[in-house]
Amino acid sequence: MITTAGIDVGSGAVKVTVMRTDGDGGETLLAQISTRIRRREIAKVVDETFDAAVEAAGVDEIHYIGTTGEGGEVPYATGHFYGMTTHARGALYLTPGIGAVLDVGALHTRAVAMDGHGRVKDYKMTSQCASGSGQFLENIARYLGVSHDEIGELSILATKPEKVSSICAVLAETDVINMVSRGITTSDILRGVHESMAERFVRLLRSLEFAGAVFVSGGLASDTGLLTALRDALAKKELELGKLEVVTHDDAIFAGSIGAALWGAFRYRKLSQHGVAWTAASKVA
Amino acid sequence: MTRAELVEWARDIYDDLDFTVVRQWLAEHPTRKAAGYLPVYAPRELLHATGFLPVGVHGGGDRLEIIRGDAFYQSYICHLPRSVIELAQSGRLDMLSAVLFPSTCDVIRNLSGMWKLLYPDVYVRYIDVPQVPDPGAAAEFWAGELNHLLDDLAGVSGHRPTDDELRHSIAVYNETREMIRTLYALRRERPWDVPTEELYLLLRAGESIPPETFLARARQYLAAVEADPKRPRDNSRVVIVGAFCEQPPLGLIKSIERAGCYIVDDDFLLGNRFLTHDVPADANPVRALADAFIRNDMASSVLYEIDPMGKRNLMKNRVAAASADGIIFATPSFCDPALLDQPMLRAGAETAGIPCIAFKYAENTGQFQQFREQAGTFADSIKLWGAA
Amino acid sequence: MAEALKDRSMVLQKEMIANHFERLAQAPETGEKVVYTFVPGNLTELIRSFGALPVLPEINALQSGMRKLSGEYIAEAERAGHSEDVCTYVKCDIGMMRAGNIGPGGTKLPKPDLLLLSYTGCYTFMKWFELLREEYDCPTVMFHVPYQGDGKLEPEHREYMLRQLREQVIPALEKVTGRKYDEEKLRHHLQLSAMAEDDLVAVLQAGKTVPSPIDGYFGTVYYVGPIFSAFRGTQEGVDYYRALREEVEERSALGLGPITPEGPLEGEKYRLVVEGPPNWTHFRDFWKMFADEKAVVVASTYTKVGGTYDFGFRHDPNDPLGTMADYCSGCYTNLNLPARIDMIVRYIEEYKADGFLINSVKSCNSFSAGQLMILREVEKRTGIPGAFIESDLVDPRYFSAANIKNRLESYFQMIDARRAGRTA
Amino acid sequence: MSCVVGIDLGSTTTKAVILDGNGDVLGRGITNSRSNYDLAAAVAKTEAFINARFGLIEQRVEATETAEAVAILRRAFVMEQLLHQLRRLEVLLLEEVDKSAPPQLARPFREAIEEICRRITAEEEARFRQPALLRSDFFRDAVGSAFMRIAEQIGDPTGVSFDRLIGVYDKCIIRVENEPMDLDFRDHIGDALARVSNPRLADAVEYAVAYDLTPAATVGTGYGRARLPFPKEQIRSEILCHGLGAHAMFPGTRTVLDIGGQDTKAIQVDGAGIVTGFQMNDRCAAGCGRYLGYIADEMSLGLHELGPLAELSKRSVKINSTCTVFAGAELRERLSLGEKREDILAGLHRAIVIRAMSLLARSGGVDDEFTFTGGVAKNPAAVRAIRELIQENYGERTLNISPESIYTGALGAALFANRMVA
Ligand SMILES: Nc1ncnc2c1ncn2[C@@H]1O[C@H](COP(=O)(O)OP(=O)(O)O)[C@@H](O)[C@H]1O
Ligand SMILES: Nc1ncnc2c1ncn2[C@@H]1O[C@H](COP(=O)(O)OP(=O)(O)O)[C@@H](O)[C@H]1O
Ligand code: SF4
Ligand code: SF4
Ligand code: SF4
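Protein chains in written order, with the numbering used here: chain F, 1 to 285; chain S, 1 to 388; chain V, 1 to 424; chain H, 1 to 422.
In case anyone wonders, no lab produced these hints; they're calculated from the structure. All C-beta atoms, glycine included, are put in the ideal place defined by N, C-alpha and C. Treat the hints loosely; a few may be bogus.
Claimed, not checked - So, partial list: chain H residues that the calculated Cβ filter (under 8 Å) puts toward chain F: (1) Ser-11; (2) Val-176; (3) Glu-177; (4) Asn-178; (5) Gln-262; (6) Arg-283; (7) Cys-284; (8) Ala-285; (9) Arg-290; (10) Tyr-294; (11) Thr-322; (12) Cys-323; (13) Val-325; (14) Phe-326; (15) Ala-329.
Given these sequences and hints, build the entire structure.
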């Protein structure tokens, strides 16, 4: 039995997951907690969240503490894993059988192809242009006076989606203003934005090879409008790409910390075999 | 000097876009002259023997704002030439009496023509290295080119070197090459002791100072390293491929190492190591230099590969020689030689089961988060599933 | 008359191209040997003298562009790991090969028996054939043509080329074809080349007439097709150029303008010199933007990539190897920047142009790196402001019709304004 | 008198300029380009004509009346226009209520709308008598905030709620903005004159109304010029118009830089105002005015505050991100790391100016004299950075900035129109 923790330090929140793994594939999630940072000092939030999660898990020894995201500096970590590594593994834990993760963040989107064990096989990231990013959507929504949670529902109601012609995330506002003034509904505009984002994601996915469903994680995973648009966009490319399913999970925000905990266990075992046994117990004591 | 002092000394030279060290050297003697050369390979022995200070012209990196350089280059041309032009147009290269443009690619080649028009008073030469390692026609051609260059340089500097002087210069550069080989070997063995950032700064400084000074500093550095050993970390070992011309920003090199990758071999500042063996210092000097290029040139993207299996095997051999875990193809955006080679090199590496990743940079890239993430993911995968 | 022009030479050209591709398709059966080589510095006469057939991958790529197939080919190559940033000719060729190597004529292209890599002023050439060698696993021979870095052909460079021809290129051809080098045969082909070249030059120089009976860019890329590709040094080539020349001279005598996709252009309003290759994926749209404004290109540099004949060079049967070296060295791609500028300035003056335009293609560093400097120098020397537009050869993603049209319109209006200003 | 019109259909605003036979400016008009382009062009043109006629009034009464009297008349006129639009808005609002409100709410809803419109009218009339605050003349801005405020006051959460009121408002305001309306001089000058009750102006008004201002030619330009309902001969590229316009304002101009909301142009002109070279940026906000606008939003600052704040900086911070959105994120990150607002802002201004410099370099450098136009020319930090970089890289140059620079393109178009007549 190995107990491990994963700490995912994001830009908005810290997520901690504690897991137990046994030698033959048994993986149990003991606790998971997410805390929003809200302008507080990150180290404090990490400590707090970690302590709370350990307590909730009711364990007194942790063999490996894996960090991910911006958690490279956590002093009591055993090892650090990068976001694509952990998101792939965590997503696979949440939804077995998937072949790729699409991590949609505010500025970047990463598409990661994995094998059946959650190993990263290949990835694609969006460039240093925010066209079609989460922030882009947020800006448009703000202009339209739509709150974050409403975006998805409204988008689904669209009847005549209107494509945003400009590619620039900032200049697109002008197009949107123009659309509003032409009497195009909020739903149709949002759906149009979703569609152009979805097209962009399809381009990312298209350059990867993988088998299985696409798991959407990250800040926009809960945007049902985006998921629908992505499904539709993939369906349109079915001839070329084959049938691709799009899934997500209520706990998708924990994908990174789950992955870090699971890879921690893997690494711990590997190092033990080589005679290097590390225990992260000091912090837990 | 301590390691930190040496590194700071080198960093100052690297940061200084006005080439103060070169200007100081020139000021010491009224007859002195300096000659620039662009990446990748230039016969520095000839410059040295004719009395020039050879100065590597590698652009201004992320330390230079491009104001006039964009007037000369479209957005889809790599960054190097525009920053070189920016340096020149702002007067920062006005201490060069001659500039050599090696046949690295069409961009540098065309830049030679631009230089002729922009700076008619500077000696400009396009260095058309032989593309085929043919000891007959190609060696003869190259010897002819070198002789031609020698005549021209002697004309500019006013000093026609004797054969012995040429041999001496060859010997000095043999020593420089040997020193660089030693440094590379040390980093390969103990990458934690020779961080690539430091090694890079040292070599970069070496391109603005006389080779003799470089040798002295490099010896001091070696001693400093032995006096100040560092602790190894649980990092992966990688080879960097593709960065032979436009140099990556220092931040990129640091990001790769911080993301958990020891760089154990690279092709930064490749011209330094283009001749892989000593050049005989006791023969007809020009002929010896010509033959050395034909026989002992570094296999790289800038030359035609005559061996059909050459591209396939190159990565395998390089990784084996460096006992590396994987390859990072780090290429400047829009760099034809590097990017056209990459599919062939990568196919060879992948056939040999070597993990690879690839990304593109520009010398003035300021954001490294993407690179860190990719290098980190790569280090993860080696750490988790590699042999170690 | 217009129809006659279009008809005779065009029919001839279509026929000869169709025949050539047919022969290539049959090559695996007939046993004819196939040599791939590049347009600049192509040694067609030598290849022909060994009874082999040339294939020019660039021509295939540009034809794929015109037939709107290139986008898919390029995507295919990029999926296989080729960078977005590099020359799209290479990617188009590789994509085409992966898609079954069906040539632009709809027939299958044979595999090369030899890759004759004549490295003439474009770095990509070397990589291109290294890449093809990986796919075809056939012998490759490299012919290094030294660049005219100092603006002239140096005697040692000529010597170096001769030596390579004798020691490398000819033996490679002998080996692949199983035939001995036959200098008499080579002379015969060179003779035919020179004849066609004379007629081609007459056609090109018809652009000096006002109004010009030809379009020295859009129209001329068709005219140079045969001589740049497989037909230099052939009787078909000679016949084609004879016919073409007669037609052009006739138009010229009648004071007619060039033929465009929209029909004959009358009332020439602007005379332009163009530097840079055209865009092929939107060739007609591109041409139309000029034709609509009654702008005629009187001379262009791109039409000299496969040989610069209008300044006097002709293939010389009396010095077979030497003339080939001279030819290769003098191709436009092998000229240095100052020489390119001289050439453009000369065209502007001799062809009485009132404007010049650079079409800078993303693909090609050989052409593009330095074009902004060319623009400034030419402006300085002629006092004529130039226009600069950007597109690509065969990548449809990089042709922004709206942008280019905007620039062209502004440019033509600028010429009008200058004229108005000058007469006012 | 014959006159000519130039229209610049910009991405954010549409401008019109009217010239007399001598090429002197008679009037200028501006409106935002939100609505459809035809309408924007028509509105800008109407505004310019109104402006021109007021100019005539001024000329006519120069001897007898103060400028103040004409200004009051002008305010009255603007108010009449506004009230006219408000009445139209009210009609639309009531129609909308009839169409969509639940039956039980129909009456109170109508009453609430009527009440709001009544109060706005009253506020406007009060404002006319006491012109304290300046504010936007664009109808949407002027009426929107008042509507919002009053709706909040009278909205009844259990019945005709604030949300309902705003809902119908949002629907109708767009329609008002997008339908052609009688806003011409003739339509409202009578009421305005009655309102100011200054009989000494009557003669001048009559003169201005009767004055024949039939345009002899109209030329259009700008981003949206292709959508103008003009024949091809009446359209000029914005590059040419900006060049000619800048030349007209400052005859010594050789280099023009225009940083507008959505595009940046660097233009070289010769001694006659003929364009000899130009460069434009592509559709990327980084490098245009919108970049600064976005940053201002991120920092919750007004556009006019940005420059002065940046000028306080002693040590500008190098901004690594090119993209506007990424720069916004970098800004937040740096603020949280404790860097000073002014230093970051200075870096952001420098970034946009560097991009402009590269465009200038591409177009052929900076010659004397240098004219800076477009909205960003109003930003002192940007102006200073431009001045410094030009000094460093090109040496001493005269820098021209005109308060009317926003009309440069329209002026150029009008000059072209003038040539067609001449
Ligand atoms: N050999 C030629 N001589 C004169 N004009 C030609 C020639 N070849 C092509 N053209 C011009 O180019 C145009 C397009 O030619 P092409 O692409 O062959 O037509 P299509 O697309 O119908 O096959 C023709 O309409 C003609 O004006
Ligand atoms: N008062 C102001 N102070 C500073 N900057 C301003 C001001 N007004 C406008 N700007 C800048 O000018 C830009 C708009 O320029 P403008 O020339 O009106 O655009 P366009 O010609 O595209 O319609 C804005 O994005 C903003 O950055
Ligand atoms: S186009 Fe817009 S989103 Fe893209 S880099 Fe430019 S400013 Fe950013
Ligand atoms: S970076 Fe690459 S493309 Fe640019 S000059 Fe160097 S070799 Fe050429
Ligand atoms: S780079 Fe230019 S010259 Fe070379 S193959 Fe491509 S298009 Fe032709």
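Comparing the hints with the structure gives:
1. Ser-11: holds, 6 Å
2. Val-176: violated, 11 Å
3. Glu-177: Cβ of H:Glu-177 sits 6 Å from chain F, so the hint holds.
4. Asn-178: Hint on H:Asn-178: holds, closest Cβ of chain F at ~6 Å, below 8 Å.
5. Gln-262: It holds, given that the least Cβ distance between H:Gln-262 and chain F is near 6 Å, below 8 Å.
6. Arg-283: Where the cut-off is 8 Å and the nearest Cβ of chain F is about 5 Å from H:Arg-283, the hint holds.
7. Cys-284: Holds. Min distance 5 Å.
8. Ala-285: holds, 4 Å
9. Arg-290: With a minimum Cβ separation of about 6 Å from chain F (threshold 8 Å), the hint on H:Arg-290 holds.
10. Tyr-294: holds, 5 Å
11. Thr-322: Where the cut-off is 8 Å and the nearest Cβ of chain F is about 6 Å from H:Thr-322, the hint holds.
12. Cys-323: Hint on H:Cys-323: holds, closest Cβ of chain F at ~5 Å, below 8 Å.
13. Val-325: Result: holds, 3 Å to nearest chain F Cβ.
14. Phe-326: holds, 6 Å
15. Ala-329: Since the shortest Cβ distance to chain F is 6 Å, the answer is holds.
Checked against the numbered hints above, the structure violates only hint 2.
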